[in-house]
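J.: Top line first, the protein sequences correspond to chains A and B.
The opening position of the first sequence corresponds to residue 21 in the working numbering, with each subsequent residue numbered one higher.
The opening position of the second sequence corresponds to residue 406 in the working numbering, with each subsequent residue numbered one higher.
If you are wondering where the hints come from, they were derived from the structure by calculation, not from laboratory data.
Hints may be right or wrong, so weigh each one.
[Claimed, not checked] DEER-style ranges, computed between Cβ atoms:
#	chain 1	residue 1	chain 2	residue 2	range
1	B	K642	A	E84	25 to 31 Å
2	B	V430	A	K150	17 to 23 Å
3	B	P534	A	E243	58 to 64 Å
4	B	A637	A	G73	21 to 27 Å
5	B	A637	A	Q230	36 to 42 Å
6	A	P439	B	L420	49 to 55 Å
7	A	A233	B	V430	32 to 38 Å
8	B	W639	A	A65	25 to 31 Å
9	A	D481	B	W502	45 to 51 Å
10	B	L494	A	D80	32 to 38 Å
11	B	P534	A	D458	28 to 34 Å
12	B	Y563	A	I48	36 to 42 Å
13	A	F152	B	L494	29 to 35 Å
14	A	Y62	B	P534	55 to 61 Å
Every residue gets a Cβ at the ideal spot worked out from N, C-alpha and C, and that includes glycine.
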Amino acid sequence: MSEAATVEQPLSVEDFYDATVLPDPCEIPVIEPGAMADSKPYEAAPEFQKALGFPGELVDDWHEKAIAKLGELVEGSRALRVYLDTCVKCGACTDKCHYFLGTGDPNNMPVARQDLLRQVYRKHFTVAGKYFPWLVGARDLDEEVLDQWYSYFHQCSQCRRCSVYCPYGIDTAEVSMAAREIMATVGKGQKYCNEIIGKVETIGNNLGLQKKALVATLEDLEEDIEDETGVAVKIPVDKKGADILLVTPSADFFAEPHIDGLIGYAKVFHQTGASWTISSYASEAANFGLFIGSNENMREVALRIRTAAQDLGVKRIIFGECGHAWRVAYSFLNTLAGPFDFLDQNYPVPQHICEYTYDQIEAGKIKFDKSANDHIRLTFHDSCNVARGSRMGDTPGGQFEIPRTIIRASCNHFFDMAPDTIKESTFCCGGGGGLLTDDLIELRKKGAQPRMRALQQVAQDHGVTHMAAICAICKTQFAKVMPDYGFDMDAILSVHQLVSNAIILDDAKTDQPEAGDGDNAQPAAAQ
Amino acid sequence: MLTGAYALLFYVATLVLVGGIGRKVVQYARTPAPLKIPTTPAPVTRGGVVMRYVREVVLFESLFKANKWIWLFGWIFHAALLLVLIRHLRYFTEPVWAIVALMQPLGIYAGFAMVAGLLCLWARRFLVPRVRYISAPSDHLMLVLLIAIGVSGLLMKYIFRTDLVALKAFFLGLMRFDIQPLPADPVLLIHLFLVAVLMIIFPFSKLLHAPGVFFSPGRNQVDNPREQRHLAGWTAKLGAGQ
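Chain A on its own, in the form it takes in the complex:
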C-alpha cells in the first residue's frame, strides 16, 4: 500500500526532527504590554469608504457619532449587550487566542480586547461606569482609545475560539465586529476589507474578475483537466436551468492550492452526472461584510446569491471550500436572503460541497483509488468559522466528521493533530477575519504559531507531510507563512484536491501507462 513513499516529499522538516521536545502549541507566553501596538492595517481611502455608504474620512464629530453608534448596536444586539455586561474577568479566555499565544501582547487576550470597547460602554451606558469610572475601569473614547481600537480590533480574526471556553459564551468576534462597524461609520474603515467588498458589490467577486476573464480562465482549466485525464470535465458558467448553483470563493479560480479543489468539485459533479453551474454575477462565496460587522453590506453580498439562483433557475445552492463564507451561508443566508422556497426542498439550503461529496460517497456513486494519494501523509486543519460557526450534515459536529470521512475515503495516511488544537478547539490559521493582507504580515506569521507548532508535532510523531483545509483564507495564509515554520508552501492542500487525485472517473482514458497517469494526476503534491 505504501510503496509510493518514494515520491519526493515537499516538506523540509530536518530543523525540528532533531529536536526531542517540540514547543507546545498552547504554551503561554510572558506578557509583553504594547508588543503589537503598532500593528495596524492601512485605512480605506475615501472612495472605497463612500462606496460602502461610510464617510470618506474621520468625521469632525466622530466621538458623538461613535458613542451613538455603540448605543444603537447595543440596542439592536442581545449578544453585544449581554457580552458587555456579564464578563466577570475570570481569566478563562486569557490563554486561548492564537494572537496572544503568538505575540504575548496582553491586549490580545480576548477579555482585554473586549475591554477596549467595554470600558467605553461602561463610561456611557452603565451607572457604575458613569459615576465610578476608576472603580470599574471605565474610560471615554478619546483619540488614544480609538487608535487602540483600530490596532487591536484588527488583531482579532473573529475565530470564536475564546467563546468555546467562556463560561458565558462571550464571543469576542461579536465585539470586534461592533468596533469595526463603529470605526467604519465614523470614517475609519479598513482598506483591505472595504476595497474587496466594493469589488463584490460592483463586479461580483473579491478579485474584481469580469465575466469574460472568468469564462476564459475556466475554459483553460477544462482543457487542462481533459489533457490530464482524457475526460471532458466541464465547469459551466451562467448555465440557465442547471440543477445546482456552485458558489465558491473566487480564489478557487486562480490561487494554489485552491484551484485544485475546484477541479475536485468539478470531477465529483461530472462523475455523479450533476447538472451544475457557476454564476458570474455571484462568483464569490466570501462575504467580507461579516468581517467589518456591516449588516447592510453582508446582506447586499448575500442577496446576489439569491438573485443568481433565481435568474439561473437552479434547484440547489452548494458552497465551495471557504470558512467564513460557509458560516454566512449556513447560519445567515436563510435569514438575510431567504426564504428559499423556490429551491428543491429535499435538500438543505444551502449545502456545503463536502456534504454533497460525502452523500455521493455514502451512496456509492463515487469511488476512489486511494493509492493516488499514497505520497501524502495528511493532517486536517479545521477552519475556525466552519468549526465554531456552522455545521454540516444532520448532527452537531458533522462539520468535523464529514471532511474527515471524505479524507479517509480518498487518502490512506491520515493523522489528526493534538486534540486541544482541532475540532472545536482548532486554532485559526492567523489570517482570518479580514486580516489576510500584507500590511499585517507580522501579525499573520505570529498568529499562525500555535497551528504551526501543532503541525510540527504531528509531522514529528507521524511523518505527516501535508495539511488539508476547506477555507480559501486558510489556504492562502498557510501557503504564505508555512515556509517560516519549516514547511514548503505546497504542503497545504484543498480537501477536494485529494478527492481530485483519487476519484475514479468512469470514462477516464485508459491508453496511458499507470505510472504516468499517477504522476500527472497529482499536480500540486508532486512538486
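For this one, chain A is given, so just place chain B on it according to the hints.
T.: Same frame as chain A, now just chain B:
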C-alpha cells in the same frame, strides 16, 4: 433607631436587587438577537439547549474545558454559596423546611469552602500575571466583599455568637412589615450591612453574569438556521429576499 435603619436598609436593598435584576432581565429579553450565532457544535433542538445549560450552570462545562484551577475554585465557591444560601433560609421560614434542616450540617462546612474558594480566586488576581492585567479595582473589591461576608458569618457561628431567635424574629417581622428589634451585635451588624451592600450593587455590576448567562445567544440558540428562517430585530424587517 438601629433596628429602624437596618429595616429600611433591607427594604431598599431588596427593592434595588429585585427591581434592578428585573429591569436587566426585561432589557435582555427585549433586545433582539438578529442572527443565529450559537457557538457550534451546538444542540439542534430546544431540549438539547436545555441540557447544554444544565451542564453549563451545574457543572461549569466550558470553564472546565478552559482552565482546571479557575473551574475548581469557581465551582467550589458557587456550590458552597448555594448551600450557604439554602441554609440561611432557616432565618426566613417558620417552621423551617425539612430540606433546609437536613442541609444544616453541610451548610456549615460550605461556609468554609466558600471562603476558601474565594481566597483562591483572589490569589489568582495577584499571582497570575494575565489575570492581574485584566483585574480592575472592582474585581478585587467584589471578592473582598464576599470574603468579608463569609468570614463575618463564620465568626458569628464560632466566636461572636448572636441571638438567633431575635434575629429570626427580625427577618420574619420584616417580611410581614412588623418590625422586631435587631440584636445589636457588631459582627452581626457588619455581616448584614455587607449583605445589603452586595444586594444593592448586584444589578449594577458583573454579578449580572447570573441572569446574563441565560441570555447568551452563543449558548442558548438552537442550531437550526437552515431548517427555520431566523428573524428578529433588523432581520425581522426583511421580506422575501428583495
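J.: Decide, hint by hint, whether the structure agrees.
T.: Now for the hints, and whether the structure bears them out:
no.: 1; hint: B:K642 with A:E84: 25 to 31 Å; verdict: 26 Å, holds
no.: 2; hint: B:V430 with A:K150: 17 to 23 Å; verdict: 21 Å, holds
no.: 3; hint: B:P534 with A:E243: 58 to 64 Å; verdict: 60 Å, holds
no.: 4; hint: B:A637 with A:G73: 21 to 27 Å; verdict: 23 Å, holds
no.: 5; hint: B:A637 with A:Q230: 36 to 42 Å; verdict: 38 Å, holds
no.: 6; hint: A:P439 with B:L420: 49 to 55 Å; verdict: 50 Å, holds
no.: 7; hint: A:A233 with B:V430: 32 to 38 Å; verdict: 56 Å, violated
no.: 8; hint: B:W639 with A:A65: 25 to 31 Å; verdict: 28 Å, holds
no.: 9; hint: A:D481 with B:W502: 45 to 51 Å; verdict: 58 Å, violated
no.: 10; hint: B:L494 with A:D80: 32 to 38 Å; verdict: 59 Å, violated
no.: 11; hint: B:P534 with A:D458: 28 to 34 Å; verdict: 33 Å, holds
no.: 12; hint: B:Y563 with A:I48: 36 to 42 Å; verdict: 41 Å, holds
no.: 13; hint: A:F152 with B:L494: 29 to 35 Å; verdict: 33 Å, holds
no.: 14; hint: A:Y62 with B:P534: 55 to 61 Å; verdict: 33 Å, violated
Hints 7, 9, 10, 14 from the list above are not met by this structure, while the remaining hints are.
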